[in-house]
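Using the hints provided, position chain B relative to the given structure of chain A.
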Amino acid sequence: MGVAGCMGGGDGGSQAIQMSMDGEWADAQEPVVQALYDAGLSEDIDVEFLPGDFETGARQTDFTSALDAGRSSPDIFMMDSGWTIPFIVREQLVNLSEELSSDTLDYVQSDYLSAAVSTASHPESGDLYGLPVFPDYPVMHYRKDLVEDAGYDTSNWSTEPMTWTEFAEVAADVVEQSDVDYGFTTQGADYEGTSCCTFNEMMTSMGGAYFGDHENLFGPVGDRPITVDEEPLYETIRMMRSFMYGPDAENANPDIPQISNSDLVEFTEEPSREPFTSGNAAFMRNWPYAININLDEGFTAGEDYDVMPMPYGVESGEGNYEGTGGTSHALGGWHLTVNPNSQRLDDAIAVLEAFANESVMLTVFEELGNLPPVASVTQSATEDQVGDLANFLDTFAVAADNTVPRPVTTAWPDESPLISGQISDAYRGEKSPEDAMADLESELADIENEGQ
Amino acid sequence: MRPLNWLETQSEATFAYVLLAPAFLLLAVIAFYPLLRTFSFSLLADQTAAPTPFGEFIGFDNYAALLTGEALLPQQFFDPSFATPILQQALFVTLAFAILSVLFETLIGFGQAIVLDQDFYGRRWVRVAIIIPYAIPIVIQAMIFYLMFNPTVGFAAEFMQGIGVFGNNPLTNATDSFIIVLVADIWKTSAFMALLILAGLQSIDRGLYDVARVSGASPWQQFKYITLPLIAPALLVAMLFRTMDAMRIYGLIDATAGCQTVPSMSCLVITALQNTRRWATASAVAFLTAVVIGVLVLLYLVSLRDTEAGVT
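Heads up: the protein sequence lines correspond to chains A and B, in order. Counting from 1, one number per residue, gives the positions in the first sequence under this note's numbering. Counting from 1, one number per residue, gives the positions in the second sequence under this note's numbering.
Excised from the complex, chain A in its bound form (with noise of 0.2 Å):
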């Protein structure tokens, strides 16, 4: 936050409206803000990126002391779509419905994904409290030539979701077939990722939830049921423990295959993402953020590489509660949120307006590989203007239309540690799923029931 300098809104200090962003917008820094110039935004206005820290959790700390001591600047934060509901309940953010001209108001409510609008928004009132300026969901990534030279045809693949069984088999067949040493990566380490999104999405797809319906995401906290002991999520666990220790181990599924090994509960993005680029893995669950890697690294899109949406367990609408079962990607994503001890409002809500704009949202993907948050505009674009991210387009539109957002309330803090804990001890077999899913339940309600 030092990189701030001066405390906007000072006489001699600098006019520029402070964005605090992250280094890779702060290196696409020219071409975005003539794109928001071109959409209309007064070129008397000066806009600045400031690149923050690369970790989320980081930057939430910083964002949360700087909101704590009413700092004046940065004018404008960029908040993870899993941590702004806080700060929404805390009222250290601006309102939004109260600023935005009624035009962006109604393109945000109705174009927009609606679930990235929902993370953007206050739980009671509705009011929109952020500007999704990026979704994020995870795809599956695979070798598409070790999948085709093991016989199989992965002509629908792009759209047509398979279900964990299938995933599995033919993982298994190109592990053998080929000298991959992981037919599978994705991350299962004891941090908010596993909680928060992969184990989140893989619970989702097999009928399960952390709190009930889909309408209980939100809250309220203390007044919904907690439905983490239960079949759904002791089936993840032993499909994961499979995956990594075999069909034999203790608490596994005899029927799913081993594909992977024990480096799964240490894996984060990027440990997980580092034999896939390096040709080592054959499939990998991971952000969209790694297509540009392994692009640059040498693969080639519908080639040797392609990718899917996120394989499922049970069929859609089949699942224990409302919302689950189906192919399912967590959502993760960006909000600009506006500061509102900032002493020039009025311009960091202009240059919020100029990014509600197609053309801008089609300039940040290009630049930076960043989804656009409206689905039209991500289905439209073509490939002079994203490039090879054009190849992916269809495996984005389904999982735009499957997502499932973390749970994210102020109770979540406190909860996203207890169940990465609790999951990690029952991949690692400490514990068998069903005991760790029952002390789950009983930290849960703890929190939720905090000061009643």
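Derived from the structure by calculation, the hints contain no laboratory data. Among the hints, a few may not be true.
Said to hold, decoys possible - With beta-carbon atoms standing in for the labels, derived distance ranges: (1) E24/A with I131/B: 36 to 44 Å; (2) I144/B with N95/A: 46 to 54 Å; (3) T268/A with E158/B: 19 to 27 Å.
Claimed, not checked - Computed footprint of chain B on chain A; a stretch qualifies when at least three of its residues, placed anywhere within it, have a C-beta under 8 Å from a C-beta of chain B: (4) 58 to 70; (5) 140 to 147; (6) 225 to 232; (7) 288 to 299; (8) 409 to 415; (9) 437 to 450.
None of the values given here were measured: they were computed from a predicted structure. Glycine included, C-beta positions come from ideal geometry on N, C-alpha and C.
Chain B in isolation, oriented as in the chain A frame:
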């Protein structure tokens, strides 16, 4: 009367206190005041959903929760029912780490110091070689061990699994990671102990050993009756410093196995403060940490008092 005259007429004790007063004032401002403020924060409730992080006054409820294993934290400070394994309770992890690391550092450092006390060719270079681990920044020290046990690039994980000492993924297992962090710290700070003990050894009058040899004392008797008592003050001071440092361990853990696998007391403070924004609980843990360290320091000071050439 001029102040200077007045001062000179006071007793030794008063003079000493007057000299100490400025230092004490400074300490009061930068050490005691924050400590008391932290204590006052710890008597309030957490507030994760409101603009201000502190809620109403709740007295010692935070401490009760911490000491009964009921705190709303991802890892427990202390769980009297021992439903949580011992190496997953912050208090025991930190105490075990401090005791074991100081013990081994002292033994190894002592051995190194005795060797370095001898006169041999290349002694200077050996001293440099021994010091190098201590010169390495904590993060690098942590990264070395993290990379050694990393699943994709590390070599040590398989080796340790092969000889049956560690399990499958040592960096995710509480006991294995504890040992890794312990070894990492001992590797680095034995040098510190070696240097301080060496300084003590070199200040011993060689003539005493001559007298002892002439009187027929065995090497062990020389060690027990000459060396040990004479270096005891230096040794205890070194151990005191190392214990205080070890009780505060955080950076080494964060960069190897992570705070969720090896929860130390400082780890718990950071988790509560930054991750879950429970400032009142964090204040309570911080204050408890200060109390535990204070008690240990008192124990040391008491034993220092008892040594012959002791401070008081």
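Results for each hint:
1. E24/A with I131/B: 36 to 44 Å: Given range 36 to 44 Å: holds, Cβ gap about 41 Å.
2. I144/B with N95/A: 46 to 54 Å: Given a distance of about 50 Å, which is inside 46 to 54 Å, the answer is holds.
3. T268/A with E158/B: 19 to 27 Å: Since T268/A and E158/B have Cβ atoms about 21 Å apart, the given range 19 to 27 Å holds.
4. 58 to 70: holds (count 3)
5. 140 to 147: violated (count 0)
6. 225 to 232: violated (count 0)
7. 288 to 299: violated (count 0)
8. 409 to 415: With 4 residues close enough to chain B, the hint holds.
9. 437 to 450: holds (count 3)
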